[in-house]
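First to last, the protein sequences are chains Z and Y.
Going by our numbering, the residue at position 164 of the first sequence is 164; the numbering climbs one at a time, nothing skipped.
Going from the second sequence to our numbering is simple: count from 1 and add 1000.
I should point out that these hints are in silico values taken from the structure, not numbers from a laboratory.
Treat the hints loosely; a few may be bogus.
Pairwise CB distance ranges, derived in the manner of DEER restraints [stated by the list, open to error]: (1) Z:D274 with Y:Q1161: 36 to 46 Å; (2) Z:D166 with Y:K1130: 44 to 54 Å; (3) Y:K1092 with Z:D166: 56 to 66 Å; (4) Y:D1224 with Z:E256: 54 to 64 Å; (5) Z:E256 with Y:R1261: 48 to 58 Å; (6) Y:E1054 with Z:R16: 20 to 30 Å; (7) Z:S111 with Y:Q1161: 19 to 29 Å; (8) Y:M1269 with Z:D274: 51 to 61 Å; (9) Z:G175 with Y:D1187: 45 to 55 Å; (10) Z:D25 with Y:N1197: 16 to 26 Å; (11) Z:D40 with Y:E1054: 23 to 33 Å.
Not the full set, but computed from the structure, chain Y residues with beta-carbon under 8 Å of chain Z [said to hold, decoys possible]: (12) F1110; (13) S1111; (14) C1123; (15) G1124; (16) A1128; (17) E1154; (18) L1158.
We put the CB at the ideal spot given by N, CA and C, even for glycine.
Take a look at the letters that make up each chain.
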Amino acid sequence: MRKAFNKELLQIAAERNNVFMILADIGYGEIEPFAEAHPDRFINCGVAEQNMTGVACGVAMSGNTAITYSIANFPTLRCLEQIRNDVCYHNADVKIVIIGGGLAYGPLGISHHSTEDLAIMRALPNMVCLAPCDIPEAVAATRAMMEYHGPVYYRCGYKGEKDIHDRPVGKFEFGKAIEVKPGKDLTVFFTGTIGYNAKLAVQEAARRGIDCRLVSMPCIKPIDREAIIRAAAETGKIITVEEHQLSGGFGSAVAEVLADANVFCRFKRMGLPDVNVSKIGSQDYLRDQYGLGVDAIIYEIMEMSKK
Amino acid sequence: MSKESEVLARQVRLHCLRMVYRGESGHIGSMLSAADILAVLYSGVLNVDPAAPEKADRDRLIYSKGHGGAALFATLAEKGFFPKEYLDTYYKDAGKLSGHISHHIDGVEFSTGSLGHGLPVACGMAMAAKQSKAGYRILCVVSDGDLNEGSSWEAIMLAGQHRYDNLTMIVDYNRLQALGASEDIIDLEKLDVKLENFGWSTLTVDGHDHAALEKAFAKLPLQDGKPTAIICRTVKGKGVSYAENDYRWHYGGITPELYERGKQDIENMEY
Chain Z
1 MRKAFNKELL
11 QIAAERNNVF
21 MILADIGYGE
31 IEPFAEAHPD
41 RFINCGVAEQ
51 NMTGVACGVA
61 MSGNTAITYS
71 IANFPTLRCL
81 EQIRNDVCYH
91 NADVKIVIIG
101 GGLAYGPLGI
111 SHHSTEDLAI
121 MRALPNMVCL
131 APCDIPEAVA
141 ATRAMMEYHG
151 PVYYRCGYKG
161 EKDIHDRPVG
171 KFEFGKAIEV
181 KPGKDLTVFF
191 TGTIGYNAKL
201 AVQEAARRGI
211 DCRLVSMPCI
221 KPIDREAIIR
231 AAAETGKIIT
241 VEEHQLSGGF
251 GSAVAEVLAD
261 ANVFCRFKRM
271 GLPDVNVSKI
281 GSQDYLRDQY
291 GLGVDAIIYE
301 IMEMSKK
Chain Y
1001 MSKESEVLAR
1011 QVRLHCLRMV
1021 YRGESGHIGS
1031 MLSAADILAV
1041 LYSGVLNVDP
1051 AAPEKADRDR
1061 LIYSKGHGGA
1071 ALFATLAEKG
1081 FFPKEYLDTY
1091 YKDAGKLSGH
1101 ISHHIDGVEF
1111 STGSLGHGLP
1121 VACGMAMAAK
1131 QSKAGYRILC
1141 VVSDGDLNEG
1151 SSWEAIMLAG
1161 QHRYDNLTMI
1171 VDYNRLQALG
1181 ASEDIIDLEK
1191 LDVKLENFGW
1201 STLTVDGHDH
1211 AALEKAFAKL
1221 PLQDGKPTAI
1231 ICRTVKGKGV
1241 SYAENDYRWH
1251 YGGITPELYE
1261 RGKQDIENME
1271 Y
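Using the sequences provided together with the hints, build the complete structure.
So, in structure tokens, the structure goes:
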């Protein structure tokens, strides 16, 4: 997915002469084409994420769009105050792009996992939060992000993601869910690349006679309230799936919509438990170990489907 | 007869004392420390226009020591960026002016309040100006406390590395910070040597001597191909006898009696 993102960004930077890339010494093998094509719009601030974010803000406040880009939580948590006070408060046109959302950098360990980001980023005023699930969504989201003026958090995957959508994604709109598959018995909402496990689980549930609606939510903020309320009314059962701590993330955002709308339905959030991820292994291994494997999702669908 | 900048500095000090007194707030020491620097900058040094505060070619002043923002608010009001009546609302419910500097008011480029934020943003503006070949200058006023922050030094390294000679850092170097003397907390000496080692040109001046400040600001950058640091030796609380060089006036509040004494001190201040 990171390749697809960088390719699309390079294309946009060729079309617009005010797109800057501001780095903190991360991006080997991916960012070189941008640096070579636009050396005057590229800067590597060194291993200094606070400065990277402040520089991006200053560049953006001078009439430009600035991208900050790094691994997992480096460009978010390390420089959270710069994002809050500088970027969001001034509504600066800065796009904060992380590579390796969730557990994508599995065996590198907790320092390289991004598992609280959605909760933290969506709490910031002015911030739009995106988490595309596959490459077509990632490309469409990149284009939409760059057409928008203002702070955006973009949670990119890493590599080797399988397509989830069978149909073209079409125009990407903030605050709009994208249906993967219609269904009448239960709705599974997901955000990000964990959607592939949700898709496999929904396919297995269909074999067991449960007709699930499967919906991608690549835009966590603003969130598609209408799609959530409609799912509650039409299917009466909702499961959310996210590769993120359960506290305050995507499932919480969906729950907030239901509670605020005074809508009641069967509801279950699936995400990472409130523990530090200390086991070692690949993204798929860690997903299985921490309750986000395909079998775990099938189990919750079948449990909720019991009379 | 006093020079224009000296008249302005006296007015700024009086405004600050009144604002802090009426607002029952703090940070008077930091405001008085920077009053002369701001008065000189806004008396012909900066290319800014109160009638067109967002004109494209304006010089950008980032005030990184946001806690002393009342001094900048007072300067801007005196220069006509917004009505002086706004100063009466400082720190008040439904007020126009907050306790830390805010960009929601004409003439303020950037909001600060947490230290270490100004220089990185100034670096970004310097980079963008270089890229677009714009001729305006970027100036950033920092404090001793600002230079405790790692993010400031990240920006200092970057500016030296990339030779941003359109960037000037003005250090309000009063050597006191919230809880005491800088030399007892984080001693920045020799600051000029440190900055020169990071690729900056430096000049140290008396931060209350208007002629010296004017001379320093007249020849920016000090050296082509290098960012400039003007290290202004200042006195925290300058002009108010009981507050001078006493770190407790980082936070201290002003009683009616101290307000009257402070006013007298400022009115009798000699340049």
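- prompt: Looking back at the numbered hints, which does the structure fail to meet, lowest number first?
  reply: none
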